[in-house]
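A.B. asks: The lines below spell out each chain.
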Amino acid sequence: MATKGKDAQSPLPDPQAQTESTAALLRELVAHLRQNRTQLREEWARRITRAQLLTAMTEEEIFAEATSVYDNYVEALETGTFEALQAYARNLSERIIPRGVETHEVVGIVLLLRDVLARSLFGKYHEDFDKLNRILDAYEPAANRIANTVAVGFVQERERIIRQQQEAIRELSTPVLQVRERLLILPIIGVIDPQRARQLTEQLLRAIRTNRAKVVVIDITGVAAMDSNVANHLVQTVEASRLLGATVIVTGLSPEIAQTLVTIGVDLSEMATVGDLQGGIEEAERLLGYKVVPLEELTPKA
Amino acid sequence: MEVPILKQGHYLIASIQSALTDADLSQLREALIERVGRFRARGVIVDVTALDVMDSFAVRTLRDIAHMARLRGAETVIVGIQPEVAFAMVQLGLTLKGVSTALDLEEGLAFLNVQTQLRIDRGPGRLDRG
Numbered sequence: 009m010a011t012k013g014k015d016a017q018s019p020l021p022d023p024q025a026q027t028e029s030t031a032a033l034l035r036e037l038v039a040h041l042r043q044n045r046t047q048l049r050e051e052w053a054r055r056i057t058r059a060q061l062l063t064a065m066t067e068e069e070i071f072a073e074a075t076s077v078y079d080n081y082v083e084a085l086e087t088g089t090f091e092a093l094q095a096y097a098r099n100l101s102e103r104i105i106p107r108g109v110e111t112h113e114v115v116g117i118v119l120l121l122r123d124v125l126a127r128s129l130f131g132k133y134h135e136d137f138d139k140l141n142r143i144l145d146a147y148e149p150a151a152n153r154i155a156n157t158v159a160v161g162f163v164q165e166r167e168r169i170i171r172q173q174q175e176a177i178r179e180l181s182t183p184v185l186q187v188r189e190r191l192l193i194l195p196i197i198g199v200i201d202p203q204r205a206r207q208l209t210e211q212l213l214r215a216i217r218t219n220r221a222k223v224v225v226i227d228i229t230g231v232a233a234m235d236s237n238v239a240n241h242l243v244q245t246v247e248a249s250r251l252l253g254a255t256v257i258v259t260g261l262s263p264e265i266a267q268t269l270v271t272i273g274v275d276l277s278e279m280a281t282v283g284d285l286q287g288g289i290e291e292a293e294r295l296l297g298y299k300v301v302p303l304e305e306l307t308p309k310a
Numbered sequence: 193m194e195v196p197i198l199k200q201g202h203y204l205i206a207s208i209q210s211a212l213t214d215a216d217l218s219q220l221r222e223a224l225i226e227r228v229g230r231f232r233a234r235g236v237i238v239d240v241t242a243l244d245v246m247d248s249f250a251v252r253t254l255r256d257i258a259h260m261a262r263l264r265g266a267e268t269v270i271v272g273i274q275p276e277v278a279f280a281m282v283q284l285g286l287t288l289k290g291v292s293t294a295l296d297l298e299e300g301l302a303f304l305n306v307q308t309q310l311r312i313d314r315g316p317g318r319l320d321r322g
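Residue numbers (our numbering), protein chains in the order written: chain S, 9 to 310; chain A, 193 to 322.
Just so you know, the hints here were simulated from the structure itself, not pulled from any lab data.
Please note that a few of the clues may not be correct.
What the hints assert, rightly or not - List time: in silico DMTMM-like cross-link candidates among lysine to aspartate or glutamate, alpha-carbon distance up to 20 Å:
#	chain 1	residue 1	chain 2	residue 2
1	S	Lys132	S	Glu51
2	A	Lys289	A	Glu267
3	A	Lys289	S	Glu278
4	S	Lys132	S	Glu36
5	A	Lys289	S	Asp275
6	A	Lys199	A	Asp214
Chain S with its partners taken away, still in its complex shape (with noise of 0.2 Å):
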C-alpha cells in the first residue's frame, strides 16, 4: 500500500516547509493511530495469523505481543527515539527466540502493521490527495527506521544467543586428562573445525608439557565425521606431539570415517591406531610397561 501512495506522488513542496510540518503532521498521524488503536490492533493480529507468521505462538499470545508492539510503535512514532522501542525489542527477541521464531517472522509481521498503518492512513485520507502525500512522507521514513531496529535488534539478539553458546562449547570441549603416571587421554566429541583443532593441539601440546606425557591417547570415538582438513589436523597434531618426545594412538575410528579416509585417501600411515579406548589405553600402558592384573593373581595360592 505504501507504494501506491508514492505512485500517486505529487512534485514536493519545498523542503524547507515539510520539514516543519512533519512533527505537526506525525502528531496528527498519533492521534488516529491512538483513536483507532483496537481495530488496527485486530486487523494486524488477523494478517499475522493469516500469512501464517509466528507459528510457534498461540493466538492469545501474538494478540498480546501485538498489542504492546502496537503501543511501543504509536511512541516510537510520536516521540522519534528508539531507545524503548530498541529495548523492548531485545526484551521480545529473548522471548520468543528459544521458542524458534525465525528471522523472516519477525520482519513479516513488523512490515505487516506497516503495511495495516499505511492502508488505514490511505483509507482516511483519500478524498485529500495531498494532505495524504503529506502525511506518508511523515509517516514512512520513520516506520523504515522502526522497521530497521526492530529487526537489527532481533538478529543481534541473535548473534548474541550464538556467540555466547560457541564460547561455551568451546570452553567444554578440550578436556586433556591423566589416567596414569605419564599417559594422557584426550576425548574429542563432535565438529573439528580448523580454529578448534588448533585450539585442541596446542592444549594438548602444554599439557604433555606440564604432565611430562610419554604416551596420549586420543578418542575420536564422538566425532561425527570426517575429511581430509580434519585428517591432517590430527596428524599434524600427532607430529607435534612426537616432536616433544610423546607417543600419540588415535582410538575409536568408526566405519565410516575408516572408509572415507581411505577413499578420499588421506595418508595415516605414520599414525598408531587402536579399535577402542579400552584397547588404546591398554596398548598405551603395555608402552609404558605397567601390566594391570586381576588381584587373585598376585595373591600366592596357598
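Following the hints, complete the assembly by docking chain A onto the known chain S.
C.D. replies: Chain A alone, transformed into the frame defined by chain S:
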C-alpha cells in the same frame, strides 16, 4: 656463538643456549660429527630448550646431524622442543621424520640408555644364534 659440547659417559650433549646463525649450525654439525668418532660416543643429545624459533635450515641441520651420527655409530635424540615451536614446525611441514625426540634432557638420556642397551643385547646374541 659456539655451542658447548659436553661429554657424559658414552654420550655427547650439545646444549644450544641462544638463537644460532646458519654458520653456527653448520659449525655445530661438523663439531658433533667429528667428536662422535673422537670420543667413540654411542649417543648424541641436542638440547633445543632455549630456542623459541626453528627455521627450515635449523630443522634440516638437526636431521642431518642425526643421520650422519647414525652413520658414525651413534644414536641422536633431540630434546626440549617447546610446544609453540612444535606447533609451528608441524604447520610448516618441518616434522623431523626419522629423528628421535624426547621431552627433556632426562628423558633423552633414558631413551639413549634403552636404545644402546638394546644394541648391546642384540649384538652378540644374533651372531650366536646364527
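A.B. asks: What hint numbers does the structure not satisfy?
C.D. replies: 6
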